[in-house]
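Here are the chains, one letter per residue:
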Amino acid sequence: MPIVVEKLKHSYMEGSSLAHDALRDIDLTVHDGEFLGLIGHTGSGKSTFVQHLNGLLQPTSGTVTVDGFNMADKKQRVQGRRLVGMVFQYPEYQLFEETVQRDVAYGVKNMGMGEKEALERADEAMALVGLDPVKFRDKSPFELSGGEKRRAALAGIIVMRPKYLVLDEPMAGLDPLGRHAILDTIDSLRETLGCAVVMVSHSMDDMADRAERIAVLAKGRLIRVGTTAEVFGDAKTLIDNGLDVPQVSRLALMLRERGVDVPSTIFDMDEMELALLRLLGKGGEKQ
Amino acid sequence: MKDITLGQYFPGNSSIHRLDPRTKLLGMIAYIVLVFIVDHIAVFLIPAVFVAAVTLLSGVPVSYLLKSLKPIRFLLVFMFILNLFMVKSGETLWAWRFLVITEGGVKQAVYISLRLILLLSGTSLMTLTTTPIALTDALEKLLHPLGRLGFPAHELAMMMTIALRFIPTLIEEADKIMKAQMARGADFESGNVFKRAKSMVPVLVPLFISAFRRADELAMAMESRCYHGGDGRTRMHVLRFQKADALAAAVFVLMTAGIILLQMFAV
Numbered sequence: 001m002p003i004v005v006e007k008l009k010h011s012y013m014e015g016s017s018l019a020h021d022a023l024r025d026i027d028l029t030v031h032d033g034e035f036l037g038l039i040g041h042t043g044s045g046k047s048t049f050v051q052h053l054n055g056l057l058q059p060t061s062g063t064v065t066v067d068g069f070n071m072a073d074k075k076q077r078v079q080g081r082r083l084v085g086m087v088f089q090y091p092e093y094q095l096f097e098e099t100v101q102r103d104v105a106y107g108v109k110n111m112g113m114g115e116k117e118a119l120e121r122a123d124e125a126m127a128l129v130g131l132d133p134v135k136f137r138d139k140s141p142f143e144l145s146g147g148e149k150r151r152a153a154l155a156g157i158i159v160m161r162p163k164y165l166v167l168d169e170p171m172a173g174l175d176p177l178g179r180h181a182i183l184d185t186i187d188s189l190r191e192t193l194g195c196a197v198v199m200v201s202h203s204m205d206d207m208a209d210r211a212e213r214i215a216v217l218a219k220g221r222l223i224r225v226g227t228t229a230e231v232f233g234d235a236k237t238l239i240d241n242g243l244d245v246p247q248v249s250r251l252a253l254m255l256r257e258r259g260v261d262v263p264s265t266i267f268d269m270d271e272m273e274l275a276l277l278r279l280l281g282k283g284g285e286k287q
Numbered sequence: 001m002k003d004i005t006l007g008q009y010f011p012g013n014s015s016i017h018r019l020d021p022r023t024k025l026l027g028m029i030a031y032i033v034l035v036f037i038v039d040h041i042a043v044f045l046i047p048a049v050f051v052a053a054v055t056l057l058s059g060v061p062v063s064y065l066l067k068s069l070k071p072i073r074f075l076l077v078f079m080f081i082l083n084l085f086m087v088k089s090g091e092t093l094w095a096w097r098f099l100v101i102t103e104g105g106v107k108q109a110v111y112i113s114l115r116l117i118l119l120l121s122g123t124s125l126m127t128l129t130t131t132p133i134a135l136t137d138a139l140e141k142l143l144h145p146l147g148r149l150g151f152p153a154h155e156l157a158m159m160m161t162i163a164l165r166f167i168p169t170l171i172e173e174a175d176k177i178m179k180a181q182m183a184r185g186a187d188f189e190s191g192n193v194f195k196r197a198k199s200m201v202p203v204l205v206p207l208f209i210s211a212f213r214r215a216d217e218l219a220m221a222m223e224s225r226c227y228h229g230g231d232g233r234t235r236m237h238v239l240r241f242q243k244a245d246a247l248a249a250a251v252f253v254l255m256t257a258g259i260i261l262l263q264m265f266a267v
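Those protein sequence lines, which keep their order, are chains F and D. The opening residue of the first sequence carries number 1 in this note's numbering; numbering runs sequentially from there. The opening residue of the second sequence carries number 1 in this note's numbering; numbering runs sequentially from there.
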């Protein structure tokens, strides 16, 4: 069963003169096991939207249902929230325990799991995010490096084995190596846990690389949803809304503007290489 | 969490808002003393008229002023009843078993209530028309002469300014961390007091850590911009007394003289 968002509207400071709609008329379904990318300009409502997915915010109107649980209902929300793992921006700032293992186990303990079992699950989760349990188990989370802290925080979410993993800019502030490591971890988590991933990111290249579907938010409205090829194929819409496109899409757009006939839907480096080779092969002069 | 309002500044551009914050601060102190000097029912009219006039001039809605009185309503009733029955002087007006109401008691009860109301509405008027930052500025300027005696006036004002500046930031941060822990199944709402206090640990530890980090970063940022305390520091908005401040001072002198004279002749 999927996460279904229907006619979602969210207003901040409702009823006061400062009221404004952060989200309007959002209809979106997150399917089981898919990798959904969420892109949008700063202030487009991405962060507000993802907080609705596990009921941390309540809709002003409209509904959010997670596997049939209505997130507006207090009792159903508790059930639904367990299915949705939420990784906030800079999640390392939520670490608090004395040891990494205990911090990771916090979530499952809150779910009512016994101490011993919880710690075992924590070890498992640490291994899944690439932190060697033997080495890191008894370390203080505050003596880890930035990238390790983020992994520990990520482990603190996936220890609950969510069916949907929601990540709000999980790579922010990491170096390119750290970014790739986190992306690879997310991919391997999808494989081992079979969870769906909803990821907010500003990096279009990462999105082009990993996401299966992409949703585009602008000024609180969902302006596009489609496969990665569909969304990036229409580079103009993205650029008109002040968004970036993957470098390869930009190249395709520029080439087309100059009369080079490459398909507009290309966003992948390998495909671009093939397309260009094909074109050159046909012309043949430049060899 | 975000609904907490800080201070109670009511934005405006009235003549009261535009007064030098030093005038308002000193005026408030003088006003407090005056309210305690007054000891006759008729003379209470003077500070009452003063508060009414300032309210009118400032454009602050009366409802705001009444709101500031709300938290002391129980204290007010309690003080009134206590004074009514406990003060025993003058003619006995009413007696039933051990409960006795005397003329002096009624007087005292009424005076205390009037004083409390005038005190709170007067001081609220100041905080309603002055931003916290302007107030700390005024405080620094007024305490500056004490610097020669080694009193750290500038440091004190800077600390207050920074504290005020960071309260909203910390509230926002606490909100974020609470949400992150709620996403990990934390429950801040159920259980008894001890359980609830314990459930706050996962919020407080990260909050403290980030507060220290922020303090560190701020110190670094200030130092890298050559902050070295108050000596020789110039300001962007220099406080200057205007005509209106002289007028306000005159009003206070007149009010003080009036109250002292009336007290002497009326009693």
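Please keep in mind that the hints were generated in silico from the structure rather than gathered at the bench. On a predicted model such as this, the values are computed, not experimentally measured, just so you know. You may find that some hints are simply not true.
Unchecked claim - Straight line, CA to CA, 35 Å or less: simulated DSBU-like cross-link-like pairs of lysine-lysine: (1) K67(D) with K135(F); (2) K195(D) with K135(F); (3) K141(D) with K74(F); (4) K141(D) with K75(F); (5) K179(D) with K149(F); (6) K163(F) with K139(F); (7) K243(D) with K75(F).
Now for the hints, and whether the structure bears them out:
Taking the CA atoms of K67(D) and K135(F), the gap is near 58 Å; set against the 35 Å cutoff, the hint is violated. For the given pair, K195(D) sits about 33 Å from K135(F) by alpha-carbon distance, which is consistent with the 35 Å threshold. Straight-line distance between C-alpha atoms of K141(D) and K74(F) comes to about 53 Å, which puts the hinted pair past the 35 Å bound. The straight-line distance between the Cα atoms of K141(D) and K75(F) is roughly 57 Å, outside the 35 Å bound, and the hint therefore fails.
At roughly 19 Å between alpha-carbon atoms, K179(D) and K149(F) fall within 35 Å of each other, so this suggested pair holds. Of the supplied pair hints, the one linking K163(F) and K139(F) holds, its CA atoms being roughly 29 Å apart against a limit of 35 Å. Taking the CA atoms of K243(D) and K75(F), the gap is near 64 Å; set against the 35 Å cutoff, the hint is violated.
When each numbered hint is compared with the structure, violations occur for hints 1, 3, 4 and 7.
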